[in-house]
Structures are given as structure tokens and as C-alpha cells.
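Trainee: Sequence:
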Amino acid sequence: MRFLTSTSVALSLGVGALAQGAADAAQKVAAIKQATSQTAILNILSKDSDFVFDFNNASATKGVAGETISANIANFPVLTHQSLSMTIGVLEVLWRILNLVRSACGMNTPHTHPRATEMLYLINGSIRTGMLQENGARFVYNEVTSNQAQVFPQGSIHYQENTGCEPAVFVAALNNEDPGVSSIAQRYFGLPPDIVAASLGGIGVEEVAGLESKIPDNIALGTDECLKRCNITRGSQPTNQRQPRVSGNALPSGFSGPTPPSTTASTSTAASSPSVTHGTRRRSVRFN
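Mind the numbering: the sequence shown is residues -19 to -1, 1 to 269 in mature numbering (1 follows the signal peptide of the UniProt record, and there is no 0), read in order.
Calculated from the structure, these hints are not laboratory results.
Do not take every clue at face value.
[To be verified] Below, a list of computed lysine-lysine pairs in the BS3-like style, where the Cα atoms sit at most 25 Å apart:
{"id": "1", "residue 1": "Lys9", "residue 2": "Lys28"}
{"id": "2", "residue 1": "Lys209", "residue 2": "Lys195"}
{"id": "3", "residue 1": "Lys14", "residue 2": "Lys28"}
[Claimed, not checked] Label pairs and their calculated CB-CB ranges:
{"id": "4", "residue 1": "Ser18", "residue 2": "Gly182", "range": "50 to 60 Å"}
{"id": "5", "residue 1": "Ile184", "residue 2": "Asp205", "range": "39 to 49 Å"}
{"id": "6", "residue 1": "Pro219", "residue 2": "Ser107", "range": "35 to 45 Å"}
{"id": "7", "residue 1": "Gly182", "residue 2": "Gly136", "range": "24 to 34 Å"}
{"id": "8", "residue 1": "Thr98", "residue 2": "Ser127", "range": "14 to 24 Å"}
Computed from a predicted structure; not experimentally measured.
All C-beta atoms, glycine included, are put in the ideal place defined by N, C-alpha and C.
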């Protein structure tokens, strides 16, 4: 009981610190946007450390098969007006037994960046990528290995899958301090169920709701072929990143989905920033 109490206190303190950090960042971003000179901006960024982002101690967005850590204006105010942000991704599956870590087959599920072009550099491992840009455009497929990079144009639907049985680590640079991210499966199935059902040929709203309930959080487990080759059993995955439901997109009777988050004072960037999606934790990023 004492351990549980101590753990609860530690978690509460951690959540409080993250919330305070986000509030401080939002205040600095607002001040920078009102500044009339670069000198004024420098005065707002009063600490030398305001120019350094520590990926080792940043909040991570995670699924069962890996995680991403993003530096953008929601957590790194110096990027305001700089047309730049960065994401580090680890595509892996983790089981921690004592100090044993086994990893493979993580997938950064299909998504878009509505306000940025991405250039992804693979540090280690091998991944396969796919991309669609618009109606009528051909499907672009690549197998990317370490020390190679690929560009994903603004607005394109794209994914990355770790095809190896070891972690694959990438760094992605994006040409907007607030690039946004829209996960395709979660957002599409978050539309009104009758609209989704009709667009899929009239499969029925109950079937839509059943499929929507299975959409896993990003980073997700990859393909069956990879899991079999790496001797991984596909277990249950969290589904907390599904679209919150209101009256306009409510699920049919008998089904439930995430409820909208409470309204809090924040900048407009927070809602689209990868740093504020569900399921965060801290981890140390290692590149060896």
C-alpha cells in the first residue's frame, strides 16, 4: 500500500509538471507572436537553455509497438516563426522482463501532416514506406535502410513499418513549427457512422462501430508476416487515440467511444500537436 501511495504521488507530480510546462510554453509562444523585434523575442527566451530541446526527458506518444517524441511549438517555443519541427521515432515492440527488451515490427500507422513536408532520416534498421498524395496519383513504395532518407510531401498519406526484428530509429524534420498530424484510420472512422457506412458501400453502422473499436494507438503492431518472422504474437493493443464522440458523430446504441477532452486554456497548436495525443510517458532515447 505504501508503494502504491508513493507511486500515485509520483505520477501526480509528473502529470502536474507536464501540465505546468505546457502552460509555460503556451505563454511564451503567445508572447513571441506579439513581439515586434528579434531582440524582444530573445528577451522572452531569457534562458540559454530555451534553445536546447532534450529528447531524453520529453513526453512521448506511444503505442505497444513503439513511440514518437516531437519538438514543436507546443513544447519548444523557440521554434515559433522558424518553420521547423522535428520528430524522433522508435518502431519496436517492447516486453520488459527484468532488463530484457525484445523489439520488432512497429508501424507508424498511415497519417498526414496537413501543414508540413517531412524528410525522414533512418538512423538504424530497415523500414518500408508507402505514400499516396491525391486522387489519381500513383502509390509510392520504398524500402529504406540506415543512412537513407525519404521525403513525404505536405498532405500526403504515408506510413513507415519496421521490417526487422530489432528497433528502427528515425529522425524526421518538418518545415513547419506546427506541422499537425492526422491519423487516417482514427479520423476516418471518427466521422458519423452512417457516413462511413455509406462511403464503404453500405456495410451497416454496427459493423463500422465494431471496426472502429479495434483501431490501435500509434505506434501499432505491424503486418502478420513480420510478426510471424520475428516470433511475435499479436495481442491486445490500446485504442485511446480514437476520435472523441459528440452528438454529431455519435456511435449507435450499445457502442461507446472516447469522450471529448475538457476545455482548457491553451494555444491553437496544442490540439494538432503530436505531443498532446493520448498515451504519454517519459523514456530515454538510445541510438545504439
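Trainee: Decide, hint by hint, whether the structure agrees.
Mentor: Hint check results:
{"no.": "1", "hint": "Lys9 - Lys28", "in the structure": "holds (12 Å)"}
{"no.": "2", "hint": "Lys209 - Lys195", "in the structure": "holds (20 Å)"}
{"no.": "3", "hint": "Lys14 - Lys28", "in the structure": "holds (18 Å)"}
{"no.": "4", "hint": "Ser18 - Gly182: 50 to 60 Å", "in the structure": "holds (58 Å)"}
{"no.": "5", "hint": "Ile184 - Asp205: 39 to 49 Å", "in the structure": "violated (23 Å)"}
{"no.": "6", "hint": "Pro219 - Ser107: 35 to 45 Å", "in the structure": "violated (26 Å)"}
{"no.": "7", "hint": "Gly182 - Gly136: 24 to 34 Å", "in the structure": "holds (26 Å)"}
{"no.": "8", "hint": "Thr98 - Ser127: 14 to 24 Å", "in the structure": "holds (22 Å)"}
In this structure, the earlier hints numbered 5, 6 are contradicted, and the remaining ones agree with it.
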